[in-house]
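Visitor: Residue strings, one per chain:
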Amino acid sequence: MKKYSILLVAAALSLSQTACKEDFIDLNPISSANLNSFYKSQKDFETAIVGVYNVFQGVHSTMWTEYNEFRADTYTHIMYSYAEISNNTFQSNTTSTMWNTMYQMITYSNLILERIDAVSMDEAVRNRIKGEAQFFRAYGYFALVRIFGDVPLVLKEVSTSEALLIGRSPIKEVYGQITKDLTAAIGALPATLTAAQNGRISKQAAEVELARAYITMSGVPLKENHWADAKPLLESVIKSGQYAFAPTYAEIFSLENERGKEVILGAKFKIGGIGESTQYQRQFNPAYGGNPVFEKGVYESYETGDLRRDFNIAKEFTTLEGTRIEALNNTKFDYGYDRASTESGMDFPVQRYTDVLLLHAEVLSEVDGKVNTESLALLNQVRKRAGLKDLTPAQVPDLASFRVAMQKERRSELMFECVRWFDLVRTGTAVEALKAIGLNANENWLLFPLPQTEIDKMQGVLKQNPGY
Amino acid sequence: MNTTLYHLHRLLTDQVGVRRIMLLFATVLAVFQSVHAQVTNPVKGTVSSQSDGKSLPGVTVIVKGTTNGTVTDAEGNYVLSVPGAGSTLVFSYIGFINQEVPVGGKSTINVSLLTDTKSLEEVVVVGYGTQRKSDVTSAIAKVGGEDLQVRPVARVDQALQGQLAGVQVQQPSGRPGKAAEIKVRGIGSISAGANPLYVVDGFPIDATTFANMNLSDIESIEVLKDAASASIYGSRGSNGVVIITTKQGKAGDLKLDVKAYAGIQNVERLIPMMNTTEWLSMLVDGRDRAWVKTGGDPNAPMATRPRNYQYDPVWKTNPANVPYYNHQKWPYRTAPMQDFQITASGGSAKAKYLVSADYFKQDGIVKNTDYTRYSFRTNVSVDVNDYLNVGLNLTPSYSVSNDRDTEGKGGVLHTILYANPFLPIRTGIWGESPEYTDYSVSWDGGANVVSRVENLIDKETRGQMLANVFATVKLAKGLSFKTSFGANYISTKRDRFENQIISRTRAPIGESWNTVSLNWLNENILNYATTINTKHSITALAGFTSQRQNDQSGYLRGENFANDLVPTLNAAGKITQGNTNESEWSLLSYLGRVNYAFDNKYLISASLRRDGSSRFGADNKWGWFPAASIGWRISEEAFMKSVPVLSDLKLRASRGTTGNNNIPNYGAVGLLGQSAYLFGTDEAVTVGMYPNSISNRNLSWETTTSTDIGLDVGVWQNRIYASIDYYNNQTKDLLLNVPVPTVTGFSSELRNLGRVENKGWEFEVATKNLVGKFQWNTNLNLSFNKNRVLQLGPGNAPIIGGDWWGQVNITQVGQPIGAYYMLVQEGIWNTKEEIAASPSWAGSQPGDVRIKDVNGDGKINIDDRTIVGQNQPKYYFGITNRFSYAGFDLSVLIYGLGGNKIFNDIGREFNGPSDSQKNHYQNWVNRWQSPEKPGDGTTPAASELVTGASSQYTTRHLYDGGFWRIKNVSLGYNVPKTVSRKIKAGRIRLYATGENLLTVDKYDVGYNPEVNTRSGNPLAPGGDYGSYPLARTFILGLNVTF
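So the protein sequences, as listed, match chains A and B.
Counted from 1, the first sequence has number 293 at position 293 by UniProt numbering; the numbering is strictly sequential.
Counted from 1, the second sequence has number 733 at position 733 by UniProt numbering; the numbering is strictly sequential.
If you are wondering where the hints come from, they were derived from the structure by calculation, not from laboratory data.
Glycine is no exception: its CB is placed at the ideal position from the N, C-alpha and C atoms.
Treat the hints with caution; some may be incorrect.
What the hints assert, rightly or not - Have a look at the derived ranges for each label pair, beta carbon to beta carbon:
id, chain 1, residue 1, chain 2, residue 2, range
1, A, Ser254, B, Gly573, 39 to 49 angstroms
2, B, Ile575, A, Leu255, 31 to 41 angstroms
3, A, Ala83, B, Ile800, 20 to 30 angstroms
4, B, Asn308, A, Gly460, 50 to 60 angstroms
5, B, Ala618, A, Pro190, 33 to 43 angstroms
Chain B extracted, bound-state conformation (with noise of 0.2 angstroms):
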C-alpha cells in the first residue's frame, strides 16, 4: 500500500511516470505490436470544426494502418511524420465524423470535421457497456458528475440526495464519514438488505467504497431501476444497480485541474429543552402530585416523603434563583473541513490518462470527531495497435475517522441532552454535584459524557485499493472482445480505548477490531454491433464473468490495563476476549443482450443472465433471470412530422426478473454444534458434535419481476424535456427464519417465503426556463412509493420489531414493511368522573393520557395498538434550479419528502411523567396541570409516580417525518479567460457554497428528521435514539484549470 502511494506520489510529482507507466504497457504488450512504420517526411495543418470554423485540440491524427499518430495541440494545429506519399491520415475527435485524406505528396493538410448528431447524442452507460439515450427501453436514471461536484460532502452517497427520480437517498447522521442510506424503488426486503449494487467502471463492488469514491473522479452516475435494465445484474439487480463511470482522460495536452475548498460546519439546530425554572417546576410538581397519588398529605414536612419525591424547598419558593446551564450546547464546535484535489489528464493518439489525488478533511460539528481521506486515481488506457486496446484503472485510497460514543442509545448526544441543567457540567470529576448527590449529570453507566468526548479512543482507518486491467480486441467489423481482471482490496481498523477517567471504577478496556477484505473478478465480454440495410440496428453482447470474495475479520479485548498510558492492547494486563473469522463467497455468471432498432423507431431488447453462486443451497445452486424491453419513438413517425412542438416521443414498456442474493454467505449449510460426553472410568471428556442448522437445499436469491411503463416527452427541442415511469416490483421468495416442525430435528430454517409488493410513480421533468445571455435551467423529480407485505412466514404470523422497551413497529400482511404500531392517543384525562364514564387504562388518574379504544372491546390495554403510521416516505423530491449570467452562476437544490413518520424513542427518557432526574423536552412546559390547566392538551402531568399509561409509547411519540430542506445553493464566478489567460490559467471559478441552509419540518424534538438509529433493521425504521445533527455549511472554494 505504501509503496503504491508513493509511486502515485511520483506519478503526481513528475509528468515522466505517466509516460513510464504508458511505457510498460507497451513494454508488456509489445508482442502484440506490429512492426513499427518507416519515418521519412514531416506533414503539418491545423484541424477545425466544419460548423463554426473554430480550431479543434485535440484531435487524433493516425496514419491509417500504423500505430503512428499524434494528436493537435491547443491551437488545433500538428505535426506527423509519415512514411511516405501513398499514405492516408485519419483524423478522429469524439462528437465528429471521422476523415480519411490521403497525403499524396503534400507537406500541409487542413482539415475540417463534420459534427456527428448521432454521437453527439447523449449516451447512457447501462450494464456492460453504453447506449444512446434515444434507444434505451428500460428505466435508467442518470446524473453527471458536474451536477455532484458542486456538494461540499464526504461521500459520493450524500451527493446523490435529491438528483433521481426512484432513488431515496436518507441521510440519517451527520457523522463525518457515515454512510447514508440509498434505496432504489422502495424496500424489497426484510432480511436481505436493501442496499442496490455498486458498480465502478465495471466491476462490482461494496457500498462503501463506492462512497469513498472521490467524487470529482465521476463523470456520472447512472441507477439501473427496473429489471430491464438490472437483470443483465441477475441475482444481485433487484435493489437496483448504481453504475458509477469515472472520467478519463481526453487526446491532448496535458490538463491540469486544481481544486481546493475550505470552509466552516454549524450545528444545524438545537432541541428545545427545559431550562432550570421550567424543569424545576415540573420536578415539584411531579413530585407533590406522586406525594399526594399515595396518599400523602401534602403540608407534611417534605422529610416524610419518600427520598425521590422530595425536593429542594428553594426550588418552589425561588426557582429564579437557581443556576442555568444550557448543557446542550457543550459538545458543539464550529468546525473546519477542507478539500484539496488535483488531476492530471491528457494524452496522445494512442494512449490516454488521468491521475488525480484528492485530500478531504472533515472535522465534526462534535468535539474531537473528525474524517480524513487521502484518496487516488490512475485511468490509463493505450491503443496498442489497431485491434488493440489495453488499459488499467488503479484506486488507492486511506481513510481514518475519529468518533466519540456520539450516537445512539447511551450516546454523548442523548445523554447531555438530559443533563440536569442547574449543575455545571464539571461539577466533581465524575461530574457529580457534591450537594446534590442523587441529582447526577449526564450518566451513562458510570462515566460523565464530557469525559468521553474529550478522553475516549475510537478511531476507524480504511486502507483500500480498487484496481482493473483490461484488453479489448477488435475482432472484425463491429465484432469485439474485452476481457479484465480486477481485485479490490480492503482493510479496516478500529481501535477503542476507555481510559480510566471514562471507566471510572474498572480498569480501562481496550479493544481491537480489523477486516480484510479482497474481491476479485474476470469479466470475458463479446460484443457485436452492426446495421443491416440502414435500417436495422442491432447490437449484442454475450459474456463469462467470475468473482469471489475472501472476507477475514478479527477482534481482541484487553481488560486490567495498570494505567492510561498506552492505549494499544500490549499494556493490557489481560487479553480477555479475541476470536478470528474467515468467509467467502463465489459468484458464476453467464450473460447475454441483444438490442435491436427498426428504423429508429422500432426498439426491442432482451437480455438473460445466468447466475451460480456459493451463497445458494445444493439443489438451487443456478438462477436464471430474464428481461425483455420494447420501446417505440412515436416522435420518429411520419404522422408526428406535423406536430412540431414534440421534439421527442418515446413509449417503454419493460418486465424481467431479478434477484437479490445477499443472503448469508452459508445460510444454505447446515452448521455444527459442539458439545462433549464423559467416557471411561476416569470420565474422560470426549468432544462430540451435532447438527445446530437445518441444511436448505432449495435456499436461494429473492426474485423481483419489475414491470415497467415509462413515456419519455421533449417539447420545444427538448426545452421541456420529461419522463414518467411506473413501476410495480412484485417481490417472493423473501429470506425469513422461519419455525419448521421440530420433527426435523431443528425448530428453525432460514427459507424463501414472504412476498412483497413495492408499486409507485415517477417523474423527471428538465426545463430550460429561458436561454440566451441569463439563463435559468430547472430539473425536478419526484417519486412516490407503495409498499406493501403480501405474504409473510406459515399463517402470516406478523413480525414486531424494536428494542425490548419499545416494540412498537410490526410487519403484517396487507402493510409496509416495519409500520408503526401503537398505543392511540386520544388527550389527557381531567377528572375521575371522566375516567369512571369510560374505559381506561387499569390505574388511570387525572392528567393521565387517554386511549382510544381501537378494537372497541370496552377495554383499554395493549390489544389497542393498532397501525398508526410509516417510515418509508410515500413520496419525496428534488429539484434543482440552475441560472446562469455573464460568469456568474448559481444553483440550488431543494430536496423533500412526505407521507412518513418518525419515531421519537429518546422520549422514553426526557418526554415522560417522572422526571427521573432527567432534563425534559420544553412541551413539558404545557403539560396537564389541572382540569383548570390542561395545557397542550397532549403531554400528561408529570408525576414521580407513573400511573395509567402515561409511560407507554402512544401515538404521543410519534411525528411527522415530512420535511423540504434547502439542501444546497452554490453561487460561482467564472473569471473571464482574458484575466486567466494572464496566470497562464485556462479556466477559474470562484465559488460559495452553503449546504443545509434550511430545514422546514414538524420534528421539533429531534435534529434530524431523517434520522433512523436502528439503521440496516427494515423491521424497525424510523426510531431516533439519538443522532449525530447534520451540519449547516459554508464553504468558499477556487477551481483552476491549467
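Isolated chain A (complex conformation) (with noise of 0.2 angstroms):
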C-alpha cells in the first residue's frame, strides 16, 4: 500500500538523520575551548601542563614572598593582606588565595595524571609530562603542607559532591603523597635540559624539592629523622654536574644570568605586555611604588665586611618622582624592570645551587650527628665568595652551634628568596624569632588559618587551625 510507503519513508528519514542519537544530542562548545574535546592527544597534554607552569608561575610573583617574607622576620606591611600575614591580623578570607591556587595548581596536575595513559603519545613525553604534573601536584601539597598543616589531599577529578566529603588528611599523610610523587617524577623526568627546554622541570629540580621535603619532615612539626634520605638526592644533584657555584654572589642576580647555570629552578618572567612579567618590584622595591618595611635586625643580622648585604640592601632609594628617601630597599631583586612600561622580567629563582650546597652542609652533620668536616668546608666556601673569613671548627663545636651557624648563612645567603620563614619553622625557631621582632606570636602562627569561606562551603567537615 502506497500509504504505508509514505509512513515507511517518512520513518526512515526520521531514523536516519537522528540515528545515533546520543550523537545528536551531544553538542560541544564552537566557540569556547572546553573539557569534552581536551586531554585527546599529545599536543593537548602539552597545552595542558603549560596551564600548570602558569599556575607555578603566578605563585612566584608575589604570593610566594608574601606567605614567607612577610610571615618571617624581614618583612612587615601597613596595609593589604600583608599586614594582616606579617601581624597575624587575617581577615576571614585572605588565605583564599594561596588555598585556591595550589588547589588549582592541584587539580590542572590531576586531571592530566588521570587521562594522559589513556591517549597514545610519544612515551619520552608522556614521561615527561606524568613527570612535570606529578613535581607539580607535591609543589602544590608541600606548600598546603607547610603552610596550612592538615589538608585535603585530593588525587583524582572529584566532583562538587564528593569534595563536600573530603576532610583534612593528616600531615604525615600528606608528605607520605608529596615523597611518592617526587620520586615517580625523579624517575620520570629528563636528566639534561636541551635549550628549548630551559625553565622545564629537570630531574635534578625534583630531587631537590623531595630533599627539600625529607628535611623539612625531619624538622618541626612531623620530625621524623629523613636526613639520610635527603642526602643521596643533593649529592646527585651536585654530582651530574650540570650546576656550578657562581665565583661572586652578584653575578647571580642579573638578566644575563637568571637562567645560568647557578638556577637550577626559576620562575620565568617576561616583559613586552603580553602578560608574563612578574608585579615583583612594583610591590615590594619602594622605589618602584612598592611599600614594604624592614623587620628590625634585617640590614644587622649580616656580618661586618658580609658583601651581601650591600648587595642585597641599601639604606636609600630614590623614588619614580625623583624624591631621595632614607629607608631600607631591597636592592637585590630589582633587576629586569622597566619603567617605561612598568613591568618587569625578572626570573624568580626557586631552586639556587648554592642553596643545595648548604642544604648538603645540613645533611651530612645531621646524619653524622656531629658537625662534619665536608659540612663546614661547605659552608666557609659559601662564606668566601660572600668576603668573609671561614668559620673554624672552634667556632662549631657541636651540632647545636653549627645549625644556629647554618641558619645565619641561610638568611644571609638566601635573603628575600622565600626559604626564610620555612626554615624557621623547621628548626623550631619561628616563635622565638618572631617575638624577637616584637610580635606576641605562639605556636598557633606557625600554621595559617584556612579561608573561612571554604569551612563554609564544607559544611563542618574542615576545621579550623587552632588560633584563629
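Both chains are sitting in their own frames, so use the hints and assemble them into the complex.
Guide: Here it is in C-alpha cells:
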C-alpha cells in the first residue's frame, strides 16, 4: 500500500537523521575550548602542562614572598594582606588566594595524570609530562602542608558532592604523597634539558624538591629523621655536573645569568605587554612603588664585611618622582624592571645551587650527628664568596652551634628568596624569631588560618586551625 | 529572502500564483496519486442547512473514492462531473454531519445537511492536537483571534494583556516594537527565565517570532497552564506553553479581506517636575542649609562660600524673573501609526489556501523612534487523495526599528527630566549656558541628550522566515500519521553610530551587531481515535520529534572616523573590537498521550514525554515528564438532569511534571581558559590551557511539579460560564551558580539546587448579560498568585539584587523572588532634641529622614533594612464588556493589578536632598524646611551637604504599583449588507479605537506603573530608571470583506 510506503519513508528519514541519537544531543561548545574536546592528544597534554606552569609562575610573582618573607622576620607592611600575614591579623578569607591557587595547581595536575595514560603518544613526552604533573602536584601539597598543616588530599578529579566529604588528611599522609609523587617524577623527568627546554622541570629540580621535603619532614612539626633520605638526592644534583657555584654573589642576580648555572629552577617572567611579567618590584621595591617595611634586625643580621649585605639591601632609595628617601630597600631583586612599561622580566629563583650546597652541608652533619668536616667546608665556601672569614671548628664545636651558624648563613645568603619562614618553622625557631621583632607570637602562628569560606562551603567537614 | 518576498508579492497580485503553489504540491506528490477517474456526465444541485433552510456556501462535494470534487458557491450551488450512475457524492462541511448520496442517474441532487451538535462544540487546541472543550481535564486558557484583533498594537504579546486568567502580560515600555513580558502562573525560576514556550502551528519558536506575527493571521491562542496540559512539551513546559493557531483557508469562493487603520498617538502622561521658581527655592534652601551645617555665617558674602553652596542672589530675591522651560515635553510628539493588510483565502474541495500580507508602521511618541514591519503568510493544504493531505505554512517577515537611547540610566527620557528648567534646551552647541557654565543642561557623559535624539543612528532590522511542510496519512480508520519538517531562520542586525555632535570630544564611534539563527524541527506523530460500544471513547498519540538550533553572532566596533559623513564601519579609521560567536542546542523527544472518556462523563488523560537535550550534563541527558488528569462531568449524570439551571458542571484535577531547559547551551561542560608560560633560553611564549569552569555531569532542567484543581460551571444554557482553578506549582532543581569547595580546583559551579513555589487561584467568568437585539457580554478574569522561595544555595544564603548604587532587592527563603529590602522611613527629624532622644542614623540633622530601628538594637544603620514589599502583583484582572445593537458594537477592556510596589530607582538623581544641579520631582515643593514648615512629612530638607540617611534608599522611594487602566475602547459600525452589496463587498466595518485611555494609579513620579528597567533579571524586578512611556492612541479603521 502506498500509504504505508509514505509512513516507511518518513520513519526512515527521521531515523536516519537521528540514528545515533546520543550523538545528536551530544554537542560541544564551538566558540570556547572545553574539557570535552581536550585531553585527547599529545598536543593537548603539552598544552595542558603549560597551564600548570602558568600557575607556578603566578605563585612566584608576589604570592610566595607574601606568604614567606612577610610571615617571617624579613618584611612587614602597614596595609593589605601583607599586614595581615605579617601581624597574624587575618580577615576571614585572606588565605583564599594561596589555598585556591595551590588547589588549582593540584587539580590541573590531577586531570593530566588521570587522563594521559589513555592517549597514545610519544613515550618520552608522556613520561616527561607525567613527571612534570607529579612534580607540580607535590609542589602544591608541599606548599599547602607547610602553610596550612593538615589539608584535604585530592588525587583525582572530584565532583562537588565528592569534594564535600573530603576532610583534612594528617600532615604525615600528605608528606607520604609528596615523597611518592616526587620519587616518581625523578624517575620520569629528563636528567638534561635542551636549550629549548630551559625552564622546564628537570630530574634535578625534583630531587631538590624531594630533599627539601625530607629535610622539612625531619624538623618541626613531623620530626621524623629523613636526613639520610635527603643526602643521596642532593649528591645526585651536585654530581650531575650541570650546575656550578658562581664566582661572585652579585653576578647571580642579573637578567644575563638568571638562566645560568646557579639556577636549578626559576619562575620565568618577561616584559613586552604580553601578560608574562612579574609584579615583584611594583609590590616590594619602594623605588618602583612598592612599600614593604623591613623588620628590625634584617640589615643588622649580616656580619661586618659581608658583601651580600650591601648588595641585597640599600639604606636609601630614590622614588620614581626623584625623591631621595632614607629607608631600607631590596636591591637584590631590582633588575629586569622596565620603567617605561612598569613591567619586570626578572625570573624568580625557586631553587639555587648554593641552597643545594648549604642543604647538603646541613644534611651531612645531621646524618652524622656531629659537625661534619665537609659540611664546614661547604659553609666556608659560601662564606668566602661573601667576603667572610672561614668558620673554624672551634667556632662551631657542636651540632647546636653548627645549626645556629647554618641558619644565620642561610638567612644572609638566601635573603628574600622565600626560604626564611619555612627554615624558621622546621628548625623550631619561628616563635622566638617573631618575638625578637616584637610580635606576640605563639605556636599557633606556625600555621596559617584556613579560608573561612572553604570551611563554610564544606559544612563542618573542614575544621579551622587552632588559634583562629 | 528577497526572492521569497518577490514571489509572495506575485502571489498576492496574481491569483494564478496560488494555483501554481497547489499545482507544485500536486506534482511533487503525484507519485502517491491514484489514477484520475474518467469524467462523464455533470450533476448539479444546491446544498442547504436542514435547521434553517439557508443555503450553505463552501460545502465540499466529492465523488466517493476519487479525488474528483468541488465546493458550493455563495448561493450553495454546485456543478460536478461524475464518472457514472454508480457513483456516490459525499457532502461535507464543518459543523455538519457528512452526507452520502448515490447519483443513480440523477442530474440534480439537492441536499440539506444536519447540524453536528458534537462538532459545533468549542474545540480547544492542545499540545500536538485538539480536544473538545468539554473533554478538557487540564488548565487551558483560550482567547480567540477576533478578540485580539480589535487592538491597534505592534505585537501579539501586547494584545494578550488582560485576556486570560493566569497569564500576566506586563508592558514595561512603550517603545515601538518593544517586547511585553509574559508570565504564566508566576515566576518559577531565578536564572533560567520565566518566558513561556511559544508554539506556532506546532512549531516551538522564540518569543520575538511569536510577537512579530500579524495579529489578523491568528485564529486562536491557547495557553497551557498546568503540567497536565504542558508536560507533553516536557523540559520546556514549566513556564507554560502559548499555542498559536493561524487561520486556514476554507473551501469556497475566494474571500478577500482588506483591513486598514490609521491613527495618532500621544504620551499618556508627564511626570510632575518643579518649575523654575520652585526649583530655585529648593536650590537656595539647600545651599543655605549646607552652608550653615558646615558652620558658615548665613549673612557672610556669597563669595566666601564653597562654590557649590553659592547661588545668584536673584534666585532668592526675584525668582519669578528667571525664565522657565518645561523640557520634559521636548522629546515627545504626536505620532502617527498605521496598518494595512490584505488576506486572500479560499479553496476547492481538495485544496485550501490563505495568503496574507501586512504592513505596519508605528512612529514613536519620542521623536525619531519608529517601528515598521512587513509580514506575510501562506498557509496551503492539499488533499492529494483520500488518505494523504500535504501542506505548507510559510511566514516571512521583516522589521525595522529605530531608537535614540531613549530608555534606562543615562537615556534621553531620564536625563531630560532633570534638565535645568531655566536654561533653554539649546544654549550653546552642547547645551551649556555661557552664563551658568556650572549648571549644565541634561548632560549624559558629555553629550546633550537633544543631540542624541537628533543625531544618533541606532537601527535594528530583523528578517525572518518560518516555514513548515507537513503530510498527514490516514492509515486506517481512526489511525493517522503526521510528519512535518520545518525551519525558522532569523537574521538580525543592529547598527549604531554616534556622530561628532554626540561623541563631542571623542571621534565618532560606530558599532554593528548581527545574529543569525536557524532552528529546524522534525515531528512524527501517530494519532488514533476510536469509540467502543458508543460509550468508551479513546484517543491516543505517540510521537518522535527532533529539533536543533544554531546561533551565530558577531560584533564590530569602529573608531577614528574622520568625520560624520559615512556612518558605516568602512569609514572607521580603526576597528577596535570585533568578535564572532557560535553556539547550538538540540533536543530529541519521545511523547505519548492517551485520553479516555466513559459515557462523556468520566474523563481521564495521561501523557508522558522523554526529552534528551544537548544542554544537559552527560549523566543526566534524558528526563521523563509524566502527567495525568481526571475530569467528572457532573452535569451529565442522571441525577443532575433534575437541576436544569445547571447546563454544565465539570470537576477537573491534574498533576504532572514539567521542566525548564532554558539553561546555558554548554553550562554542563567545563570550559578552558588560556594562559602561557616561557620556555627555552630565549623565553619563548608557549600557550597553555587550563580548566576554567567545572563540568557538571549532572546539570539538568529545572523541574516543576504542578497540581491543578478546577471547576467549570455553566448556568442557564451557559449564559453564565465560569471556571475556577487552584494550582500549586513546586519547582525544584533551580539553576544557581553556587560556591563549591575549592579543593575541586574551582570556586563556583552551575548547579540545580534551589526550590520555589507558586500557588494561586484563577477565575474566569463569561456572561451573556443581554441577548436579543441589544447584546451585552462580559468576560472577566481574575488571578491571584503567591510566590515563595523555599530553598537557595548552600546555607540558604540570600541573594541581594540590584545595581551597585541601589541593592534594594533580596531573594531569600520564605519570601518572593526579588522582594524589596530597604530601610523603613518614619517621617523626618524635626529637632536636635528629637534626634538626641532616640537612635538615629549617624550624623542626622533636623530635616533628615528618620529610619525605623527594625532590628531593635538601639542603633540605626544598614542592618535595619527589612523586606518592605514585592514587585510581583498579588492579583491581576481583565474585564472586557461587549455591546452590540443594530450594526453597532462597542467593546471596553479594563486591565489592572495590585499588591505590588515600584522602586523609583531614578530618585537617586532627582528625589534626593542635594540639588546636584538637577531638577527634582514636584514633591520637593513640600519638603521639610523647618519644624514649623515640616512639609509632607516624607520629603526631607534640601541640603547640598547631605547628612544622615537622607540619600539612602528608604521606603520613600517605594511606590504602590497597583493600577487599573482602560486599556482599550473600540466602537464599530457594520454597514448594512444592502449598502455593502452595492459596492460588491460582503461586509464593511468602520471602527474607532482608543488605547490606554485612562490609568488610575498612585505612581505619580513615573510614566508607567508597569515599568521594569532590569527586565529579564527576576532578582531585581520593578526598578524604574527611566522608561519609554506608553502612548495614548486613537485609531480609525476600516475592514472590508469581498
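Visitor: Confirm or reject each hint.
Guide: A quick look at each hint next to the structure:
Under the hint 39 to 49 angstroms, the C-beta atoms of serine 254 of chain A and glycine 573 of chain B, about 43 angstroms apart, fit the expected range. A hinted range of 31 to 41 angstroms holds for the C-beta pair isoleucine 575 of chain B and leucine 255 of chain A, which are about 37 angstroms apart. Taken as a hint, the range 20 to 30 angstroms holds for the pair alanine 83 of chain A and isoleucine 800 of chain B, whose Cβ atoms sit roughly 29 angstroms apart. A C-beta distance of roughly 54 angstroms is found between asparagine 308 of chain B and glycine 460 of chain A, which places it inside the suggested range of 50 to 60 angstroms.
Look at alanine 618 of chain B against proline 190 of chain A: about 37 angstroms separates their beta carbons, and that is inside 33 to 43 angstroms.
Comparing the model with each numbered hint stated earlier shows that all of them hold.
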